[in-house]
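Number of protein chains: 2
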Amino acid sequence: MSSEDIKNKLTEKGLKVTPQRMAILEAIYNLKNHPTAENIIDYIKKMHPNIATGTVYKVLGALVDNRLVKKVKTENDIMRYDGVMKSHHHLYCMESDVIKDYVDEELDELLQNYFEKKNLPGFKIEDIVLQVKGTFNK
Amino acid sequence: MSSEDIKNKLTEKGLKVTPQRMAILEAIYNLKNHPTAENIIDYIKKMHPNIATGTVYKVLGALVDNRLVKKVKTENDIMRYDGVMKSHHHLYCMESDVIKDYVDEELDELLQNYFEKKNLPGFKIEDIVLQVKGTFNK
DNA sequence: TTCCTAAAAGAGAATAATTCTCATTTAGAT
DNA sequence: ATCTAAATGAGAATTATTCTCTTTTAGGAA
Numbered sequence: 008m009s010s011e012d013i014k015n016k017l018t019e020k021g022l023k024v025t026p027q028r029m030a031i032l033e034a035i036y037n038l039k040n041h042p043t044a045e046n047i048i049d050y051i052k053k054m055h056p057n058i059a060t061g062t063v064y065k066v067l068g069a070l071v072d073n074r075l076v077k078k079v080k081t082e083n084d085i086m087r088y089d090g091v092m093k094s095h096h097h098l099y100c101m102e103s104d105v106i107k108d109y110v111d112e113e114l115d116e117l118l119q120n121y122f123e124k125k126n127l128p129g130f131k132i133e134d135i136v137l138q139v140k141g142t143f144n145k
Numbered sequence: 008m009s010s011e012d013i014k015n016k017l018t019e020k021g022l023k024v025t026p027q028r029m030a031i032l033e034a035i036y037n038l039k040n041h042p043t044a045e046n047i048i049d050y051i052k053k054m055h056p057n058i059a060t061g062t063v064y065k066v067l068g069a070l071v072d073n074r075l076v077k078k079v080k081t082e083n084d085i086m087r088y089d090g091v092m093k094s095h096h097h098l099y100c101m102e103s104d105v106i107k108d109y110v111d112e113e114l115d116e117l118l119q120n121y122f123e124k125k126n127l128p129g130f131k132i133e134d135i136v137l138q139v140k141g142t143f144n145k
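Line order of the protein sequences matches chains A and B. Every letter in the first sequence is one number past the one before it in our numbering, and letter 34, counting from 1, is 41. Every letter in the second sequence is one number past the one before it in our numbering, and letter 85, counting from 1, is 92.
I should point out that these hints are in silico values taken from the structure, not numbers from a laboratory. One should not assume that every hint holds.
Identical chains blur together in the list; that is why a pair holds if it fits in one copy or across any two.
Claimed, not checked - Below are the DSSO-like pairs computed for lysine-lysine, each with C-alpha atoms no more than 30 Å apart in a straight line: (1) LYS53 x LYS124; (2) LYS65 x LYS124; (3) LYS14 x LYS52; (4) LYS52 x LYS124; (5) LYS140 x LYS124.
It should be emphasised that the depicted structure is a prediction, and the values quoted were computed from it without experimental measurement.
I would like the entire structure built from these sequences, with the hints used as guidance.
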């Protein structure tokens, strides 16, 4: 991803091309694995020591609004608390045909919560089973 | 869930039975749908106007530590940002045998993120497909 | 039942991530 | 080159949560 490419992405969306926006997009493309705002700020300050943190948040918001970047909620809102839950999933080994049950109540909570907020239009969910495909370490 | 039942749950775990803990557990059992700490605080203050918010957080922590309550991370840590993603899932209608593709990049991010943190021991994940079972509205 | 003590609660300051406010600067259209 | 709406900077404000420290209390022991 060259500077030209990044600049074009901004221009295509009708966003003014500023050094701050260039730096932030570049940081996101270079920092793999879903960087936090803090990761991005730290990264950018190496080259732009004077950028305001408020600016980073504002730019990130603009990038998300314009679908140049996705906001990932590794937990969306605020902590919540609950008492119960159940269900199980499957780990499929692609090398050996082994299928292993996988119980993870935290994941179930996460999914239930996600779909409660998502509210799939026209579909009433009864159960969710994950097919997790991969390989068991030998 | 009676007061006695709630009291027993605390006692079984070796936790002192306090009015605050009783009230918080009762709030969690009555407030469906994963209440937030704020929901719980609001609910409890109807009956216990003087409870300290710090106490609520402390009690919730103790309840989670003692597995009386689960902490659900509708988003775990801090906002993160990314650029790409893909994959698709299936909606299975239990009444009609219809199977519909379901694309949801936000969900994929969520799952990828979840398992990156979870790190299933002995298993290397290649792909995750959700089987979402339910019914299409007629 | 009363006493004792570790544990719990209260009050509010502290912290951390994020948002807001408003004065100043700047990208880019004219 | 000029102009102006948009963007940035600086730091205060906000929000959820944690921490600190003093006071109170649950519940076991005398």
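Here's how the hints hold up against the structure:
1. For a Cα distance limit of 30 Å, the shortest separation of LYS53 from LYS124 across copies, 27 Å, qualifies, whereas the shortest one inside one copy, 38 Å, does not.
2. For the identical chains of this complex, LYS65 and LYS124 are neighbours both inside a copy (25 Å) and across copies (28 Å), given an alpha-carbon limit of 30 Å.
3. In this assembly of identical chains, LYS14 and LYS52 lie within 30 Å of each other by CA distance solely inside one copy; the values are 20 Å within and 53 Å between copies.
4. Taking CA atoms no more than 30 Å apart as the test, LYS52 paired with LYS124 passes between copies only; the shortest distance there is 27 Å, against 36 Å inside one copy.
5. Taking the shortest Cα distances, LYS140 and LYS124 sit within 30 Å of each other both inside one copy (26 Å) and across copies (17 Å).
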